[in-house]
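2 protein chains.
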Amino acid sequence: MKVELISIGDELLIGQTINTNAAWLGQTLTLFGARIIRTSTISDQDSEIRSALDAISEEIDCVIITGGLGPTKDDITKHTLAAYYGLKLAIHQETLAHIENYFEKRNRPMLEANHLQAMLPLGCIVLPNKNGTAAGMWFNHNKQIIISLPGVPYEMKRIVDEELLPLLANRFKVSTHYHKTAHTQGIGESFLAEKIKSWEDALRKDGLELAYLPSPGYVKLRINSYKGNSDKDKIDTYFKKLEELIPEALFGYEGDTLVSVIAKRLIEHKLSIGTVESCTAGLLAQQLTSISGASDYFEGSLLSYSDAIKIKVGQVDEKLIEENGAVSEEVARSMAEEGRKTLGVDICISTTGIAGPTGGTGEKPVGLIWIAIATKEKTFVKSFQFGDSRDRNQQMMVATALNFLRFEVLQI
Amino acid sequence: MKVELISIGDELLIGQTINTNAAWLGQTLTLFGARIIRTSTISDQDSEIRSALDAISEEIDCVIITGGLGPTKDDITKHTLAAYYGLKLAIHQETLAHIENYFEKRNRPMLEANHLQAMLPLGCIVLPNKNGTAAGMWFNHNKQIIISLPGVPYEMKRIVDEELLPLLANRFKVSTHYHKTAHTQGIGESFLAEKIKSWEDALRKDGLELAYLPSPGYVKLRINSYKGNSDKDKIDTYFKKLEELIPEALFGYEGDTLVSVIAKRLIEHKLSIGTVESCTAGLLAQQLTSISGASDYFEGSLLSYSDAIKIKVGQVDEKLIEENGAVSEEVARSMAEEGRKTLGVDICISTTGIAGPTGGTGEKPVGLIWIAIATKEKTFVKSFQFGDSRDRNQQMMVATALNFLRFEVLQI
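Protein sequence lines, in the order shown, are assigned to chains A and B. Convert by adding 49 to the 1-based position in the first sequence; the result is the number in my numbering. Convert by adding 49 to the 1-based position in the second sequence; the result is the number in my numbering.
Hints in this document: simulated from the structure, not taken from any laboratory. These numbers were taken from a predicted model, which means no experiment stands behind them. Warning: the hint list may mix true and false statements.
Intra- or inter-copy, both count: the list cannot distinguish identical chains.
To be verified - Subject to a maximum C-alpha distance of 30 Å in a straight line, what follows is the list of computed BS3-like cross-link-like pairs (lysine-lysine):
1) K122 x K246
2) K276 x K290
3) K431 x K179
4) K319 x K222
5) K313 x K229
6) K122 x K229
7) K368 x K319
8) K361 x K427
9) K137 x K51
With the hints as extra help, turn the sequences into a complete structure.
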């Protein structure tokens, strides 16, 4: 199955928006078993869209077009496609009902422009958009399939996952290759590669492929087999060995996240949790509550950004801060232990550090963080050192704190 | 000057790398005065590169190709281009000297593969790469210019800025095109289009272009002029009118964010701020502290996720929750007013709502939020209704809360 992607939008051409849709579609369709032959980006003008359609090569099985389906004047993709394939537009009742319901639920008035979004080309297969008002469309033209999707990533992705891929799977025999991904945190890519070198060599000799997929704080390890499911057990055995090699780093597989692993453990043991955050400023709490049902274990937090609040609300002894500084082992420990009492939780995790880019000193440079985890029995405290980008530091600090928390709650 | 961009690389097609080069070139060349007609991404195969060269339309003045100039076997762009234009390869002495110097400076051995990087097509103009070993190339073919650049962003950008743009400026009389972008929050794209219809019509009649760029909770409005800076004042006048049309939505221009606008105002008026969050669970605090220097205005927060913490730490009267429910105008108001006292801040903003996907009722559906802003003089309370995706709701809730806060702090 050979695929071409066409992105429509001046904001992409002039670089105001980075084309993440093409990357996401490339990744998703490659995993699905398709081969992306080419992607292009064009202006939202009738003539440009027509030229792109004219230029589709015969070898392509499926063209996926994103963008230009909104309700405003510069959204012309639907009209151009309908005219190009000689189809008339008519109200699509199901889409109209969905749009009406969409606005009703949000207590917002429905405008004529939204009503017109239910006008769809007769003869196309409609791909419902559960996250928005611009439906996707599937056109059969000669032996090719032309798909038109909205450009809003959150809408486009849901249509692809829930509507398009099942239909494409029916239509094409894709040679599904089997792969499984493990998640690690806290070891850099090259250090990890060094540490698991002999494991990786054995795996490659065994006819399997390994890919490293790094992102800030994390490295995913994906094992691929082109023999499909028959290699499943072999791959599982390799991952079991990997768990023994890097227990502090490897935290899960596939859809697991640090938070889902932590949440599962807390719920199993009926433990409640809270945070007392300084440098992470709520990001840790936000992550811990990022899954539905978080109220089963998460109680609340104190974000003691200023020293005044650390003392007044966080109950940290003023002298501790004077003697050790706010970014210190002692203050991190006190924040977690006092926070445990104030919030009335079983486990409290605290962070105090210097996110940067300013505020560092020779002794306590930007990127330094102390993290403490207070439980009924014991308080664990550790420090970590990161770089000098504020955004990146906050991300790394939260990932590190979550992995530290995961490792400790798994011992309970 | 009409430009086409071609990116070469399988890692782009399969979505392992997001194509930031195309966005950067789009932005840089647009500001330079060129018009990007189309961009495409192709595989690093000889036949694919040849097809892309064959397909260049006559209207294009300049094609910029990135990628495939490295020293490894999968880097074939140079060889394909030389063969396609019938040029022989020979050692380019200046480039060779540069590469030798490059390795010497780094105390690294120079490999045969690097020596071969100095083999360049005879007859092309060499664009020196001061940040690496792969030189850029400029080919004149009929009346078109074909440029080949390395794909490493840091190398490519320096060649463009220091070598390519000066040469292009000599060759073309570019009519620098001018654009300015305004940011709005809280009005959907279609509702916004309806509301500013006559403004937009006037603008278009005036020879200007308008683009809507929506993202969750936000719509950017970009006015474009192909007449360059001479339209600057005209565009500013249109934006002034727009500010009067949608004061609650329009919050800034170009690099402004809701937080930067709020922070500026708070610092000017020496006001401190804190948050008391339930459904946003720290995301609001995290946003407010996302810029360096946040400690000049941000003190801290209370994340009272559970009712127990709303009562015990947040000082909300238990009866208020019993009588009205935790998601109510009364509780939002109390959270903000009590939070102001507990945190000792000038302004306190509170959120209480149902992020979902579970927890909604007929009367209080998923997506409902109450937001309160307590100041010394007055407390402002408003409710908003969003959809049923948890992630999206949290994003929308935070954007809405920030814009509500912006609007109120601008009145102070």
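If the cutoff is 30 Å on CA atoms, where do K122 and K229 land: within, between, both or neither? Let me know, please. For K122 and K229, only the inter-copy Cα distance (19 Å) is at most 30 Å; the intra-copy one is 44 Å.
Homo-oligomer pair classification [K222, K319; C-alpha up to 30 Å]: neither (47 Å within a copy, 65 Å between copies)
If the cut is 30 Å between Cα atoms, do K276 and K290 qualify within a copy, between copies, both or neither? within (21 Å within a copy, 64 Å between copies)
State whether the alpha carbon distance between K313 and K229 is at most 30 Å within one copy, between copies, both, or neither. within (21 Å within a copy, 48 Å between copies)
One pair to classify: K137 and K51, alpha carbons no more than 30 Å apart. Within, between, both, or neither? Only inside one copy: K137 and K51 sit 29 Å apart there, 34 Å across copies, limit 30 Å.
Within a copy, between copies, both or neither: which one fits K122 and K246 at a CA-CA cutoff of 30 Å? between (56 Å within a copy, 10 Å between copies)
Within a copy, between copies, both or neither: where do K368 and K319 come within 30 Å Cα-Cα? Between copies only: 28 Å across, 36 Å inside.
Using 30 Å as the alpha carbon limit, work out where K361 and K427 are close: within a copy, between copies, both or neither. For K361 and K427, both the intra-copy (24 Å) and inter-copy (25 Å) Cα distances are at most 30 Å.
Copy assignment of K431 with K179, given that the CA separation must stay at most 30 Å: between (45 Å within a copy, 27 Å between copies)
Comparing the model with each earlier hint shows a violation of hint 4 alone; every other hint is respected.
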